[in-house]
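Just so you know, the sequences run in chain order A and B.
Going by our numbering, the first residue of the first sequence is number 4, and it counts up by one from there.
Going by our numbering, the first residue of the second sequence is number 3, and it counts up by one from there.
Treat the hints as calculated values from the structure; they're not laboratory data.
A hint or two may mislead.
[As the list claims (entries may be wrong)] The calculated lysine to any residue pairs, modelled on SDA-like cross-linking and capped at a C-alpha distance of 25 Å, are:
{"#": "1", "chain 1": "A", "residue 1": "Lys92", "chain 2": "B", "residue 2": "Asp42"}
{"#": "2", "chain 1": "B", "residue 1": "Lys156", "chain 2": "A", "residue 2": "Asp133"}
{"#": "3", "chain 1": "A", "residue 1": "Lys92", "chain 2": "B", "residue 2": "Glu50"}
{"#": "4", "chain 1": "A", "residue 1": "Lys30", "chain 2": "A", "residue 2": "Gln110"}
{"#": "5", "chain 1": "A", "residue 1": "Lys107", "chain 2": "B", "residue 2": "Ser40"}
{"#": "6", "chain 1": "B", "residue 1": "Lys156", "chain 2": "A", "residue 2": "His138"}
{"#": "7", "chain 1": "B", "residue 1": "Lys156", "chain 2": "A", "residue 2": "Ala170"}
{"#": "8", "chain 1": "A", "residue 1": "Lys30", "chain 2": "A", "residue 2": "Arg64"}
[To be verified] Label-pair ranges, simulated between beta-carbon atoms:
{"#": "9", "chain 1": "B", "residue 1": "His46", "chain 2": "A", "residue 2": "Asp172", "range": "39 to 49 Å"}
{"#": "10", "chain 1": "B", "residue 1": "Asp142", "chain 2": "A", "residue 2": "Tyr41", "range": "26 to 36 Å"}
{"#": "11", "chain 1": "A", "residue 1": "Tyr41", "chain 2": "B", "residue 2": "Ala78", "range": "31 to 41 Å"}
{"#": "12", "chain 1": "B", "residue 1": "Glu50", "chain 2": "A", "residue 2": "Gly147", "range": "42 to 52 Å"}
Glycine is no exception: its CB is placed at the ideal position from the N, C-alpha and C atoms.
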Amino acid sequence: MNVGDAMTAAIAAVPYAASTNIGLQFKRRFWEQDEYIYGGITHADLPIFNISYPSYGFFDRGPGVLLGAYNWGPAAFQFAALSPAERVKEAVRLGNQIHPQYEKEFQNGIAVAWHRSPFTIGCFGEWTEDSRATHCDNLCRIDGRIALAGEHASYLPAWQEGAVTSALDAIGRVHARAVAGGAA
Amino acid sequence: MKTAARGYLSALCWLFAATAWLMPGARQAQTAEQRILSGDQLAHASGEQIFQHICQGCHMPDAHGATGAGIYSALAIDQNLASAQFMASVVLNGRRDMPSFVVRHDLQGFEAMVRVGLDDAQIAKVVNYVRISFGNHYADKLSAADVAALHAPKKESP
Numbered sequence: 004m005n006v007g008d009a010m011t012a013a014i015a016a017v018p019y020a021a022s023t024n025i026g027l028q029f030k031r032r033f034w035e036q037d038e039y040i041y042g043g044i045t046h047a048d049l050p051i052f053n054i055s056y057p058s059y060g061f062f063d064r065g066p067g068v069l070l071g072a073y074n075w076g077p078a079a080f081q082f083a084a085l086s087p088a089e090r091v092k093e094a095v096r097l098g099n100q101i102h103p104q105y106e107k108e109f110q111n112g113i114a115v116a117w118h119r120s121p122f123t124i125g126c127f128g129e130w131t132e133d134s135r136a137t138h139c140d141n142l143c144r145i146d147g148r149i150a151l152a153g154e155h156a157s158y159l160p161a162w163q164e165g166a167v168t169s170a171l172d173a174i175g176r177v178h179a180r181a182v183a184g185g186a187a
Numbered sequence: 003m004k005t006a007a008r009g010y011l012s013a014l015c016w017l018f019a020a021t022a023w024l025m026p027g028a029r030q031a032q033t034a035e036q037r038i039l040s041g042d043q044l045a046h047a048s049g050e051q052i053f054q055h056i057c058q059g060c061h062m063p064d065a066h067g068a069t070g071a072g073i074y075s076a077l078a079i080d081q082n083l084a085s086a087q088f089m090a091s092v093v094l095n096g097r098r099d100m101p102s103f104v105v106r107h108d109l110q111g112f113e114a115m116v117r118v119g120l121d122d123a124q125i126a127k128v129v130n131y132v133r134i135s136f137g138n139h140y141a142d143k144l145s146a147a148d149v150a151a152l153h154a155p156k157k158e159s160p
């Protein structure tokens, strides 16, 4: 990209964190019918990290969909290293340790490993206190004709709220430059 | 009779499975069904297994890399790997798109429990594996102590 050294260094300083999301569809909402779980999250010390239960459609007699894995770090790379079908299979195998109904009730699933998503090659910008102190201003400052915006250029990385605050910040910078006749 | 025999057989299978689980070393054994390793299993994995379970997610199984919104660099026939220290420091600290795989001691609670990084011995193993695989022929080996020397110096508190 045709930008100066400061923004080039800032771009290089923000790697993209890994994450995997896996949706699992079951024949019935056994977590409600058998376990009286209505919404919420199970945190597990398994490579799937989290199971998130739907907070909609309570008491429905038909099939239901769980978020069967939401992980990050090296565990997410382990899932990224598998084929999509294998990711789903592993989420069922691991989740079965918490809900033994998994294997009997499983119908279908879908897995997204964000590092294998070509348009993002990652899930969200990963900052440290050091990299933020050195590079955050340089990443967000307009360089020539380039202004960056998104969760990666915000103080709330990974969240839509961060993307929105970054968009407002970028618009503010563009506006300040426009009213200063391009000088700011 | 048939049912009883089947019951006995299945009980035997369970007993065998339970015994296998308790046998030392058996917990590291990876069945064909199981593709995700626990932190414990990862700690005992070979360099090749670490590559296959983590690195190939981006660098691809043949280490030829990939292109999307950015570039995953190829590790096959890679002259940058001439320096084992360079490769280890990239795994340790991250570089550009690649995040750091270091074991994090600054995490708390749930994150500290689930987030498993690669320790110095694991980084040495996977670096040594890639440097003699995929068309690379760098025979010199890195030890865990070599990787330990590459960590950023600890900051002194003000």
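Going down the list of hints, with the structure as the test:
Our distance criterion of 25 Å between C-alpha atoms is met by Lys92(A) and Asp42(B), whose separation comes to about 21 Å. Between the alpha carbons of Lys156(B) and Asp133(A) the distance comes to roughly 13 Å, so the proposed pair stays at or under 25 Å and holds. For the suggested pair Lys92(A) and Glu50(B), the alpha carbons sit about 23 Å apart, so the restraint of at most 25 Å is met. Under the criterion of a C-alpha separation no larger than 25 Å, the hint pairing Lys30(A) with Gln110(A) is consistent with the structure, at around 6 Å.
Under the criterion of a C-alpha separation no larger than 25 Å, the hint pairing Lys107(A) with Ser40(B) is consistent with the structure, at around 24 Å. Between Lys156(B) and His138(A), the direct Cα distance comes to roughly 21 Å. Compliance with the 25 Å bound is thereby established for this hinted pair. Taking the CA atoms of Lys156(B) and Ala170(A), the gap is about 36 Å. The hint is violated against a cut of 25 Å. Distance hint between Lys30(A) and Arg64(A) is fulfilled; the C-alpha atoms sit about 9 Å from each other, no more than 25 Å.
Checking the proposed 39 to 49 Å range against His46(B) and Asp172(A) shows it holds: the Cβ atoms sit about 47 Å from each other. Checked against the given bound of 26 to 36 Å, the beta carbons of Asp142(B) and Tyr41(A), roughly 59 Å apart, lie outside it. Separation of Tyr41(A) from Ala78(B) is about 51 Å and departs from the stated range, judged on CB atoms against 31 to 41 Å. For Glu50(B) and Gly147(A), the Cβ-Cβ distance of about 46 Å falls inside the hinted range of 42 to 52 Å, so the restraint holds.
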